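Chains A and B, in that order, are what the protein sequence lines are. Per my numbering: the first sequence ends with 114, consecutive numbering throughout. Per my numbering: the second sequence ends with 114, consecutive numbering throughout.
No wet-lab data here; the hints were simulated from the structure. Predicted model only: the values in this text are computed from it and were never measured. There may be inaccurate statements among the hints.
For each label pair, taking beta carbons as the anchor points, the in silico distance ranges come out as [stated by the list, open to error]:
no.	chain 1	residue 1	chain 2	residue 2	range
1	A	Pro61	B	Lys68	29 to 39 Å
2	A	Glu52	B	Gly29	19 to 29 Å
3	B	Gln45	A	Ser79	27 to 37 Å
4	B	Arg67	A	Gln44	25 to 35 Å
5	B	Gly29	A	Thr20	33 to 43 Å
6	B	Asn59	A	Gly96	41 to 51 Å
7	A	Gln95	B	Asn59	15 to 25 Å
8	B	Glu42	A	Phe69	17 to 27 Å
9	B	Asn59	A	Arg30	23 to 33 Å
Just so you know, even glycine gets a beta-carbon here, dropped at the ideal spot from N, CA and C.
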Amino acid sequence: KAGVTQTPRYLIKTRGQQVTLSCSPISGHRSVSWYQQTPGQGLQFLFEYFSETQRNKGNFPGRFSGRQFSNSRSEMNVSTLELGDSALYLCASSQGLYSYNEQFFGPGTRLTVL
Amino acid sequence: GNSVTQMEGPVTLSEEAFLTINCTYTATGYPSLFWYVQYPGEGLQLLLKATKADDKGSNKGFEATYRKETTSFHLEKGSVQVSDSAVYFCALSASTGTASKLTFGTGTRLQVTL
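Using the sequences and the hints, build the whole thing.
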């Protein structure tokens, strides 16, 4: 079974631009979550989608948004980029929403904001 | 809120040494507990998990036991290898309602030398 894939793997943008990151979950998984990883803040939860609905949201400004499609693929968007948005963005997929469901992570998208 | 506390790194060990990485948590209800590993330039890989008190998760020689009385989930390995060098994250997933959001510790870098 193919793992979680994320595209692109690397991205360089300038302040004020917007960016869209893509995530394809493991086949059969309906839950997709997004996390931001930075050296200063560590791993922080952004949001979670299940059956095209946002089920959970972390403490991030409204510039961070996402969506999920009917095939469970997900995208996240960051508008009006700031230098502090430079991070590794990780997507994880899971079969369900319960705490015991394992989350499987993709390789991440490394975003650099100049 | 939920939180995870891990021992500070880096941890430097010689090959074949015994490894312990401490992890304690604060959570409401009965969380599931996980250890993830991150190799350089990669995403997170699930190492092991435990979903209820006294469960022992194990994989690739690593073990951790869910101790509710001490709210701990310490990672152990009897004999480390150079290939175990990576960053290890302890995480919990809340059990209240349908919630699969992971709360991570800060990570512990392990360096194994010959």
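Legend entry - Violations among the numbered hints: 6
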